[in-house]
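Asks: Chains as they are written, first to last, in the working numbering: chain A, 1 to 216; chain B, 1 to 548; chain C, 1 to 319.
These are computed hints drawn from the structure, not numbers from a lab.
Only a predicted model underlies this, so the values are computations on that prediction, with no experimental measurement involved.
A couple of the hints might just be wrong.
Unchecked claim - With the Cβ distance kept under 10 Å, some of the chain B side facing chain A (calculated, not the full set):
1. Ile180
2. Ser214
3. Leu230
4. His238
5. Thr529
Stated by the list, open to error - When the alpha-carbon atoms are kept at most 25 Å apart in a straight line, the in silico BS3-like pairs for lysine-lysine are as follows:
6. B:Lys350 with C:Lys52
7. C:Lys111 with B:Lys292
8. B:Lys350 with C:Lys67
9. B:Lys350 with B:Lys509
10. B:Lys509 with C:Lys52
11. C:Lys289 with C:Lys111
12. C:Lys289 with C:Lys276
13. C:Lys289 with C:Lys116
Heads up, the beta-carbon is just placed ideally off N, CA and C, and yes, glycines get one too.
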Amino acid sequence: MQTEHTDILEVQFEDVEQQRSTSALGMWIFLCTEIMFFGGLFLAYCEYRHLHPESFAAASSRLDWMLGSINTAILLTSSLTAALAVRAATLRSAGTMRFFLGATIVLGVAFLTIKGFEYHTDYQEGLIPGASFTYSASQPAVQPREVEMFFMLYFIMTGVHAFHMIVGIVAFFILISKSLRNTLTVQTVENTGLYWHFVDVLWIFLFPLLYLVGHH
Amino acid sequence: MNVSTQPLPVVTEPRHAPPNYLNDGYSVRSWLLTLDHKRIAILYMISITLFFFIGGAAAVLFRVHLLTPTGALFDPGTYNKLFTIHGVVMVFFFLIPSIPAVMGNFLVPLMIGAKDLAFPRLNLASWYVYMAGGTLTGYAAIAGGIDTGWTFYTPYSTMFSNTNVIAAATGVFITGFSSILTGLNFIATIHKMRAPGLTWFRLPLFIWAMYATSVIMVLGTPVLAMTVSLLGIERIFHVGIFDPALGGDPLLFQHLFWFYSHPAVYIMILPSMGVVSEIIPCFARKRPFGYKFIAMASVAIAMLGFFVWGHHMFVSGQSMYGGVVFSFLSFFVAIPSAVKVFNWTATLHKGSISLQTPMLYALGFIGLFTFGGLTGLFLACLGVDIHVTGTYFIVAHFHYIMVGGAVMGYLGAIHFWWPKMTGRVYSEFWGRISAAIIFVGFNLTFFPQFILGYLGMPRRYYAYPPEFQVLNVMSTAGASILGLGFLLPLIYLLWSLKYGKRAGPNYWKATGLEWTTQSPPETENFETTPEVVSEPYAYEFMELGNAD
Amino acid sequence: MGILLAAGHFQLFPDQASLFANDVDGLFFFLLTITAFFSILIAGLIVFFSVKYRRSVSPVRPPPPEKMWLELTWTILPLCICMVIFVWGARVFALAFHPPADALDIYVVGKQWMWKVQHPQGRREINELHIPAGRPVRLIMTSQDVIHDFFVPAFRVKQDVLPGRYTSEWFQATEPGEYHLFCAQYCGLSHADMIGTAVVMEPSKYAAWLAESPSGKSMTETGEALYRQFGCNACHGTKAPSLAGLFDSNVVLQNGQTVRADESYLRESILAPRAKIVSGYQTIMPTYKGQMSEEQLAQIIEYIKSLRAFREPEPEKKQ
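Use the sequences and the hints to build the structure in full.
Replies: Okay, here's the thing in structure tokens:
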């Protein structure tokens with residue numbers, strides 16, 4: 001674990017403190033760009049949900065809210081383990097940090113596994129948008145085309161989210177590897193933790209919008 | 001015309017340049033894997049120049065085609081591809097990066113007394129990302145072309161066009177990340193790496209402009225990324241996000257597209273305004289009038305620019321009330337620009353003015369931007385916009401801002417900082433001649449287009465009624481002159497690299513930390529971090545005397 | 001390609017052929033004056049200062065103090081001017097959105113790359129729009145494919161024409177003559193060929209022109225036949241809401257909202273009947289999407305519009 005005195009100072013910085021705080025600011029700015037990136041999707045979702053409330057409610061009920069809830073709990077817990085990893089890093093406990101990073105990875109993989117299972121079920125039920133989409137509406141106000149639109153947004157939003165999770169998991173692996181080689185700085189762990197929290201917060205918005213439409 | 005200047009200094013030419021960033025390694029690897037912000041700026045300068053001439057060539061071709069009403073040079077399909085590639089290349093591969101990626105990269109660390117940007121590796125990555133996007137879009141253009149217009153409106157682009165929409169959209173998507181990385185770098189650098197004593201209100205106005213531009217780049221570009229992604233998904237999967245035939249809303253595309261593309265125009269103009277704010281004080285030997293107001297105006301433009309995108313959609317089918325709100329807000333974004341123009345003009349008052357090439361470009365900018373910006377009022381005004389939207393009036397308006405404004409600013413910047421960047425002096429005679437040719441050619445090209453627009457000639461037309469021919473011929477004549485005008489700097493600037501007089505550290509006797517370094521600067525910029533103790537633009541204390 | 005324009009002469013300013021043109025041009029000249037004033041002011045000052053304060057005669061001086069009053073003046077004054085422009089512009093804009101109630105409704109369908117026009121009296125045309133002078137005309141427009149835009153410069157009005165919905169523009173032509181009609185939203189290959197002529201005629205000549213219609217049947221008559229052909233009368237009036245007096249009335253929906261029954265509502269009710277269900281009725285109406293052309297849809301809508309409160313559709317007579 002790097003100590004305060006052996007953080008490698010890059011040539012453009014005056015001191016380690018400047019390097020760290022600049023690095024943190026960089027991650028915050030990046031997260032702002034991520035919010036804007038997802039914003040467009042949320043706008044599209046809002047428009048179509050407003051136009052087709054019944055179809056969206058019907059489509060949402062085809063998602064497994066139980067699995068979604070479990071995933072939410074998993075992801076929230078993984079944010080906890082990530083935060084504990086950052087704390088361990090701050091306290092210079094390399095082993096504890098690696099443990100919590102590993103736990104975060106395990107939870108992240110668990111989330112993705114359940115997501116994969118959900119996707120597979122959707123595929124089997126013919127809910128993948130495109131040529132093979134099949135849906136028969138039970139109520140007249142529900143239109144298959146609109147249900148397909150919901151699923152398009154669902155797959156894009158959760159898919160892009162999952163991609164961000166994969167990036168985060170890879171990042172955590174890299175952190176563990178750097179820690180073992182003693183080239184890891186506390187700031188890097190903090191930045192990665194921050195990124196992971198963002199991915200978590202994103203899910204907090206996605207879950208009710210996608211899984212809980214029409215549920216009271 | 002008799003314009004008096006200080007006599008150019010006599011310089012005893014050293015045989016070789018001192019160690020500097022340009023001769024710090026000659027290998028290809030030392031350039032392609034550089035982490036030096038100055039070298040990355042040069043890499044960008046070369047690529048941007050290339051794209052500029054590609055986009056310009058497309059324009060020359062279709063302007064020649066438009067000499068006759070039936071346009072016998074190209075078939076409609078080719079014409080449509082030409083104006084599309086002109087727009088895509090000029091917007092995404094020239095205007096958006098130009099000053100930030102070239103001048104910003106070069107100057108931001110120097111101006112704030114830093115050794116480099118905050119994240120040099122991200123900086124290099126941004127150039128590679130830019131080149132990757134440019135290559136993909138270039139491929140799209142060559143291997144069949146793209147004919148949707150740079151605005152990619154749906155459902156034409158998603159369901160009807162038979163051209164390389166996906167490749168071009170992906171190219172734009174990739175290049176967007178270059179913008180985001182650059183903006184991120186600038187914001188972090190300006191916040192955290194200013195030299196001791198360099199408080200916010202001691203910063204050069206160019207830095208304020210770069211900061212405001214970076215905020216837009218960072219917040220706006222991701223929305224473009226999402227928009228073109230959805231475009232690609234619709235085109236591949238035919239799901240109907242934007243296509244009404246499948247239950248989608250084409251106006252959703254327009255809202256998403258313009259949410260980025262309107263702030264994008266401020267990405268294109270704010271840096272030029274920053275350049276003008278540096279040049280005017282130097283050549284008038286006077287502090288900028290209303291420094292704080294100019295600085296705050298940059299920030300105001302960046303923020304307000306996010307709230308007006310719907311003024312591109314007044315006749316789109318958007319509601320009347322939506323139009324009214326967007327029109328109202330659009331007038332507010334005009335005001336900070338006006339404030340800047342008045343402050344620049346006031347800076348000239350009781351100054352000590354000399355009209356070298358950079359100053360000619362800066363003054364040309366003020367005149368042309370003022371006129372072009374005022375024509376923007378016509379467009380913000382709902383009643384007139386109904387008539388002129390979709391016509392050459394719009395084309396004329398944005399070219400006055402983009403060429404008369406942004407490009408003049410870019411050329412002014414290149415000429416102003418050329419001695420610093422290259423250690424060489426260009427020919428002032430050819431500089432002035434070119435500036436004059438560009439000014440004349442530009443106005444002849446685009447002023448007739450205002451008239452054509454009000455007459456009703458729509459844009460993106462490969463043929464037109466015969467009574468519009470006279471104005472079209474004038475415009476094409478102007479374009480030829482303008483093209484010549486742009487080629488001249490390419491020639492004499494390159495010539496100066498080998499044969500130009502060597503420049504000292506402060507060729508123009510300007511204020512600013514970049515002028516305290518040698519020309520060209522050493523790789524690490526400053527041996528010791530400078531400390532700033534005075535206000536900026538202290539021209540009244542600078543000796544003009546004989547230069548270095 | 002339509003009628004060759006009689007007068008294709010060089011102009012610097014377009015003809016004024018509608019009432020609206022007058023409003024727009026007035027606003028335009030106001031803006032032109034402001035533009036000219038400020039452009040000349042700034043350009044003039046730049047040139048004047050550059051000469052008067054050239055370096056050979058003007059020394060470097062200490063900078064003047066900041067003048068807050070000046071900054072405020074040149075911030076607030078332009079803002080006030082802009083607000084005047086905004087209000088004036090918004091009022092002219094609002095005019096364009098409020099056609100008079102007695103406007104003549106003409107249906108336009110844009111498709112790659114032609115304009116199809118249908119007059120209520122039944123006459124159809126391609127790439128031409130014949131209208132009477134002195135009478136407000138309202139175009140009800142849709143596209144069969146991509147976004148187009150119906151633009152007549154002489155009238156100073158344009159409107160994007162969208163697939164899947166109606167948009168509308170209105171004008172009152174003043175001067176008989178022939179005027180350019182352009183598509184003003186890029187729509188693909190032959191966008192520049194999607195042009196035609198707006199032919200403004202004296203009202204008597206327009207009536208005569210209409211009477212030359214080949215089919216002789218008005219849109220309402222054709223629409224009535226279609227109404228039966230598609231079986232609308234089987235439900236409407238009994239299981240489904242009566243359509244008499246429906247047009248332009250307020251309709252209460254199942255979800256409690258009230259909407260105006262305009263052409264867009266009628267169109268949507270036929271193509272996507274489940275989007276808005278009338279309060280108190282079942283959702284049993286099938287969709288007719290893909291079963292009728294835009295022209296037929298317009299004819300049915302015209303028929304429904306013609307059903308005033310006291311005229312019920314005739315019950316189907318047994319043959």
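Asks: Verify the interface restraint on leucine 230 of chain B: the C-beta must sit less than 10 Å from at least one C-beta of chain A.
Replies: For leucine 230 of chain B, the interface hint holds, since the closest Cβ of chain A sits about 7 Å away, which is under 10 Å.
Asks: Would you check the hint for lysine 350 of chain B and lysine 67 of chain C, treating anything up to 25 Å between C-alpha atoms as holding?
Replies: The given pair, whose Cα atoms are some 15 Å apart, holds under the 25 Å limit.
Asks: Please verify that hint: isoleucine 180 of chain B, Cβ, nearest Cβ of chain A, below 10 Å or not.
Replies: This hint holds: isoleucine 180 of chain B lies near chain A, its Cβ roughly 5 Å from the closest one there, short of 10 Å.
Asks: Given a cut of 10 Å on the nearest C-beta pair, is the interface hint for histidine 238 of chain B held or broken against chain A?
Replies: OK, holds: histidine 238 of chain B within 10 Å of chain A, min 7 Å.
Asks: With the threshold set at 25 Å, check whether the alpha-carbon distance from lysine 509 of chain B to lysine 52 of chain C stays at or below it.
Replies: Distance ~22 Å between lysine 509 of chain B and lysine 52 of chain C Cα, so the pair holds.
Asks: Quick one, are lysine 289 of chain C and lysine 116 of chain C close enough, alpha carbons at most 25 Å?
Replies: holds, 20 Å
Asks: Please verify that hint: threonine 529 of chain B, Cβ, nearest Cβ of chain A, below 10 Å or not.
Replies: holds, 7 Å
Asks: What's the verdict on lysine 350 of chain B and lysine 52 of chain C, does the C-alpha distance respect the 25 Å limit or exceed it?
Replies: holds, 8 Å
Asks: Is the Cα-Cα distance between lysine 289 of chain C and lysine 276 of chain C 25 Å or less?
Replies: holds, 15 Å
Asks: Given the hinted pair lysine 111 of chain C and lysine 292 of chain B, is their alpha-carbon gap at most 25 Å?
Replies: Distance ~54 Å between lysine 111 of chain C and lysine 292 of chain B Cα, so the pair is violated.
Asks: Hold the hint about serine 214 of chain B up to the distance rule: shortest CB distance to chain A must be less than 10 Å.
Replies: Interface hint status for serine 214 of chain B: holds (9 Å vs cutoff 10 Å).
Asks: Hey, lysine 350 of chain B versus lysine 509 of chain B, does the alpha-carbon distance stay inside 25 Å?
Replies: With Cα atoms ~19 Å apart, lysine 350 of chain B and lysine 509 of chain B stay inside 25 Å; holds.
The structure fails hint 7 only (numbered hints given earlier).
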